[in-house]
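Just so you know, the sequences run in chain order R and G. Following the numbering used here, the numbering of the first sequence begins with 7 at its first residue and continues without gaps. Following the numbering used here, the numbering of the second sequence begins with 7 at its first residue and continues without gaps.
None of these hints come from the bench; they were simulated from the model. Any given hint could turn out to be false.
For chains that are exact copies, the list does not tell them apart, and a pair is met inside one copy or across any two.
[Stated by the list, open to error] BS3-like cross-link-like pairs, simulated, lysine-lysine; straight-line CA separation at most 25 Å:
#  : residue 1 : residue 2
1  : K303      : K433
2  : K433      : K693
3  : K248      : K455
4  : K455      : K225
5  : K671      : K238
6  : K387      : K342
7  : K755      : K693
8  : K773      : K515
9  : K514      : K411
10 : K760      : K660
11 : K433      : K327
Predicted, not measured: the structure shown is a model, and the values here were computed from it.
Residues per chain, in single letters:
2 protein chains.
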Amino acid sequence: MKTKFDKIEYFQSMDKWFRAANYLSVAQIYLRDNPLLKEELTKEHIKLYPIGHWGTIPGQNFIYTHLNRVINKYDLDMFYIEGPGHGGQVMISNSYLDGTYTEIYPEITEDTLGIKKMCKRFSFPGGTASHAAPETPGSIHEGGELGYSLSHATGNILDNPNVIAATVIGDGEAETGPLCSGWFSNSFINPVNDGVVLPILHLNGGKISNPTLLSRKPKEEVEQYFLGLGWKPHFFEWSEDKTNIEIHQEMAQTIDLVIEEILEIKRVAKLNDATKATRPQWPVLIVRTPKGWTCPKEWDGQAIEGSFRAHQVPLPVSAFKVEHIKELEKWLKSYKPEELFDENGKIIDEIRSLAPLGDKRMGSNPITNGGINPKELDLSKWQDFAIKLDYPGQIKGQDMVELGKYMADTILKNPTNFRVFGPDETKSNRLFALFDVTKRQWLENYSEKYDEWVSPVGRIIDSQLSEHQAQGFLEGYVLTGRHGFFASYESFLRVVDSMITQHMKWMKKSLELSWRKDYPSLNLIATSTAFQQDHNGYTHQDPGLLGHLADKRPELIREYLPADSNTLLAVMEKSLKERNVINLIVASKQPREQFFNVDEAKELVEKGYKVIDWASNIKEGEEPEIVFVSSGVEPNLETLAAISIINSHYPDLKIKYVNVVDLLKLRSPHIDSRGLSDEEFDKVFTKDKLIVFAFHGYEGLIRDIFFTRTNRNLIIHGYRENGDITTSFDIRQLSQMDRFHIAKDAIAKLYGEKGKSFTDLMDKKIKEHNEYIHEYGYDMPEVVEWKWKNINE
Amino acid sequence: MKTKFDKIEYFQSMDKWFRAANYLSVAQIYLRDNPLLKEELTKEHIKLYPIGHWGTIPGQNFIYTHLNRVINKYDLDMFYIEGPGHGGQVMISNSYLDGTYTEIYPEITEDTLGIKKMCKRFSFPGGTASHAAPETPGSIHEGGELGYSLSHATGNILDNPNVIAATVIGDGEAETGPLCSGWFSNSFINPVNDGVVLPILHLNGGKISNPTLLSRKPKEEVEQYFLGLGWKPHFFEWSEDKTNIEIHQEMAQTIDLVIEEILEIKRVAKLNDATKATRPQWPVLIVRTPKGWTCPKEWDGQAIEGSFRAHQVPLPVSAFKVEHIKELEKWLKSYKPEELFDENGKIIDEIRSLAPLGDKRMGSNPITNGGINPKELDLSKWQDFAIKLDYPGQIKGQDMVELGKYMADTILKNPTNFRVFGPDETKSNRLFALFDVTKRQWLENYSEKYDEWVSPVGRIIDSQLSEHQAQGFLEGYVLTGRHGFFASYESFLRVVDSMITQHMKWMKKSLELSWRKDYPSLNLIATSTAFQQDHNGYTHQDPGLLGHLADKRPELIREYLPADSNTLLAVMEKSLKERNVINLIVASKQPREQFFNVDEAKELVEKGYKVIDWASNIKEGEEPEIVFVSSGVEPNLETLAAISIINSHYPDLKIKYVNVVDLLKLRSPHIDSRGLSDEEFDKVFTKDKLIVFAFHGYEGLIRDIFFTRTNRNLIIHGYRENGDITTSFDIRQLSQMDRFHIAKDAIAKLYGEKGKSFTDLMDKKIKEHNEYIHEYGYDMPEVVEWKWKNINE
């Protein structure tokens, strides 16, 4: 069907848009004045320090121009993900051309002065980033650390059935591990209930200074690669033999095919039952254009256009170095700006008329700013799922099993905006109850006989063994205003700790922008923790995400170490309600004693810590002789056991016990505004009494926290990087975070030589347990069946 | 050609090996006594807590059996990489069958008692891990954190032209990002100079509790996937219609084809010039067998064999739960142990005779224990490359440029056992001199016109944009006794911080084993640091690897922050000579003042810190009024500048300046045995004088370090998580780690209200610089051209 979008005139106008976008993109690198070359270019017009990346820009401007065309032609709801690491001008220039940029930043007017300001502030102190970033209209994905564009895009379009994520992937990014695994995302997208990811692989041939792999492989190999990954490849190949208009025509024909395939897949899918869907062969578009396309072909005898040399600033011109200013002027004028902007610097109507209308413009698609119709989560009260306890330690329970029940309820109440992600660990992490209400979404073949709980429709996506994918999906889901969590083996969250940081950076910058909406919390559950990996051993033990995140912006980070089921439930409700934070929740999955009743758990989570009266034997306001503190499941258990051992030997010793759930609240308010004041801290922990702190993580973090406080009389028992395959109790012993070591160190410090008979006894216990464990491969009944007795009675 | 290896009898014997390996693998999970079922199986024979993973085992035993066959048939030099995360029994059982295990562990004798011990200690406290681990003979790759088998294998075989890495990849592992990007390794292997990676993708269909992606895709897609990645796929597909002997025959035919293709590629390659080589189409072997193959087909009405349910311990039998003991006995007996072991429990000669001889056995291939002919590095003295300085600050220099010259020399002196790895950053990191002596190894197409410094032969591998690959290659190279470094943008080393940890874990465990050789150091150069990413902005800023590694085993970690070229050179020589450590070297690439002469740099690196006399104005032994400390390039520069500002205003103030290069030496010897004693620490830093510490990383690490020390009168200026695109100086200002903030905070603390005129002046400076920067996008000449003057003259 020949429409107005297929006529020569339309392509001629498109070429003007393309030239205008390119012109503005070059201008942003170099110019601080005279942005439309109304005068001869001089030193005063050039930036002192031109920064920016040119190489990826023209190819992306070309793609963007054509995406606008298909949005108009097919009335698509499409947004743009800029995977390539640089080329921030792409989204700035194109959203300036479609009007969005000026709507968001009214100071960037649609005239010469506006363009001048836009140019000057690009890659400039206090200005706009040199890659797609929070300040870029229409952006939902940062071009800094590479590899996450496909997983983000997938997270974005889940449960948004009418949306298309046009996801441009640079050929550099395509070489990263996360991106390579991201191609498998098509196995999890339901064609009825979810939207569409349209990957656009941009082969421009070069990276910073190297060729790229996919651009140098034979075309048939690239084709096979995508067929193998379940995508249908469509190629657009630039050629210097064609005119610009021919190039536009050919690209338009290719992209029409792609879009029509997508629409057909969606049309057919909607005729059928979502639960019967299979993976369609979604199209992938491969666009080959020369790196730096349209810039000078050569410089100093070496190729620039088509070469890695076009990566950053192709021509060496700055206010300090103007000898080649004429070449820059020539390059800029090659786009014929006089045909593109009117005398006031306003973009001509012919160009503007190509822009999609209103929110159809990719620069203002609502999905890129908090999502389409984001809703608060409908949450039951955690208390409805609480464990009833008559006394502390009455029963054993599995915290993650209890959490599973609460989360199953949350899934039922929020059928389209709450999801659970993971790398094949949902069952291992014992969220069993989820499978009573939902399945794992999986569009590949499966068998009723050999497989379990998989279905084309489900609220869990955990069937790819990739932390990068799980984290990327969740980030993409949260950035579009929905809710969820990623439950992972604690140590393997470290695989994505840098991704987590990048999400935090996105939030930090977003929160500085008044036009950006806020985000639901990003919730990470670290379970199967260092101290519960007795059976998998040392490689599976790393509690260091606590330290990693504690280094970051305190207002964006929460770290919770609930010691039992009720506390975990309370933490989860709070976490799911909070916004603009990353919640790290360290949770137990193994059967452990349950200690805290509903009121205690509530206080623990609200205040962040609590003096536990039944494990203290001081009166209100009385100063203890020793303060025990713990943070974490095993630390709490072992500290309580140590207290009861000590109490039975030293019944008169005045003990105070503090459980800490919201770890970072212990920090000084000078470091973290949520932190306890020195006054409160001293009241809780005393100014000089011995503190014995059992901690789930590395000890350095506790030393850091206590550095600013008065009391330095501190013994820490944390994870000491001694791993092995062993028993549950022995894994604590290896870090000396078991009851015997805790009790021994406390008494040795308190009483010195006078405590020798006690410390000898502890040494004996340690030896005895060690021998038993190494004989039987099992813990002694004494620790397995240990029961807490209230020392305050 | 029909050889003895192709006869029915040979396959019959192989099937016995296969059964024996399976038998031993099941026995290791369950049994603590009666290992060969000489008596009826009872509760006393079963472990209290059977642990282990069965699912992956039989398929791998099958593969291992067939690899032995081709080693014998073609006289191959082959070793085994066990990519799947579990199944430690594979390498134990097979190396027990070939005799290696008993040679390494003489207590595991070749009789019933030996087998009993071997079984008991599997997955047992103090015993052997449940995955391939350092204690596993023939292992060079740990099955913990998944995804690195291909990059490790590639690192292993570089410069080992006669070696084949048989690299088994689980279908779970094949879903991880790092592994997906690992397939591109074939683009970097030179068929003449390097060895062979033979990937063996093991499709068994299930992971922990999910189906796997590649096993459920149509065969033609899997075929296309590998063709697209440049590999030639060969399939072996199990079928229940075939007898075991037919299965062996078919597998043998397939693997023969694969090996013959490899040998032919090598034969042809060697006829040609290595510098003219192109990427061959190496074979990949895809082996499909049921998960848990040969275990009971069903349990409790549900499929086990062929299902994820076979992943761990398929039958619920333990010493505590023996109701199904007969089923276990039946399963074990299905392998007919009486046909495999003699009356004393010795493996029968027919089986043993299938083992390759001596070091051809994969359990004892020398490459897996420190490498084939590992050599010390031949290193020039760093002083030969030192910058000559008449006085501190005389010239500016680029530390990485200077390092490049030294490393170019190292490449020339060590043409086959020293390599440089990176993710397309060698040039950006300014190791320019390397390209005078070598190129980047790259076997894909390239063009003289558009590309630079690529060649099929080269000592640099940096043409894939993947930190996972760079780190994996280096790990593999170092674990086989060779030397090298990975130079990375500092922030993106975080992408692999978990990999780095796993390498450390491997070293820790290896060092506990007397039979394991030691390893050359693993050297990480973190450059383009947080404070030098002014032009790339916030996403490129994260100095947190310092804290990450500081949490780990102190004896295995070194952190160096050389402040100029000479110090960097001295650090590098030390780092390349050291063994069994991970060296993190934070280095500058931008032009910066050079301060330390050869003698100073030598002392800085040998002692780890130095009191800099020309930046101190106290006499020997005199107590200062204030101690300035810095660690890192910009911290050093800004501290010196702050000192000179303060000195010009307060010439009588007694200042001591300490530069710290070997950061972790500041720790207490109770935490790090290399740490300064309290006495020495107090002598250097005083017990109570104000310390102003400018630090390259996050401040928590410095608080941690100082917690145990006497002096807490400390102001820290570190990286404060405020990033932006801005100028070089402003990036320091954003963290208040610039001269003006440092000087201001110091005087405010020292003099309070009395210092107000000074602190006001500093505030004025800060404001002035801020305004200038935001006007011009450039730093004020005052800081760019600042010159140090000796305050001691």
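Results for each hint:
no.	hint	result
1	K303 - K433	between (57 Å within a copy, 22 Å between copies)
2	K433 - K693	neither (46 Å within a copy, 55 Å between copies)
3	K248 - K455	between (56 Å within a copy, 22 Å between copies)
4	K455 - K225	between (40 Å within a copy, 21 Å between copies)
5	K671 - K238	neither (52 Å within a copy, 57 Å between copies)
6	K387 - K342	neither (64 Å within a copy, 58 Å between copies)
7	K755 - K693	both (17 Å within a copy, 24 Å between copies)
8	K773 - K515	between (54 Å within a copy, 23 Å between copies)
9	K514 - K411	neither (33 Å within a copy, 41 Å between copies)
10	K760 - K660	within (17 Å within a copy, 47 Å between copies)
11	K433 - K327	between (63 Å within a copy, 23 Å between copies)
Of the hints listed earlier, those the structure fails to meet are numbers 2, 5, 6, 9, in rising order.
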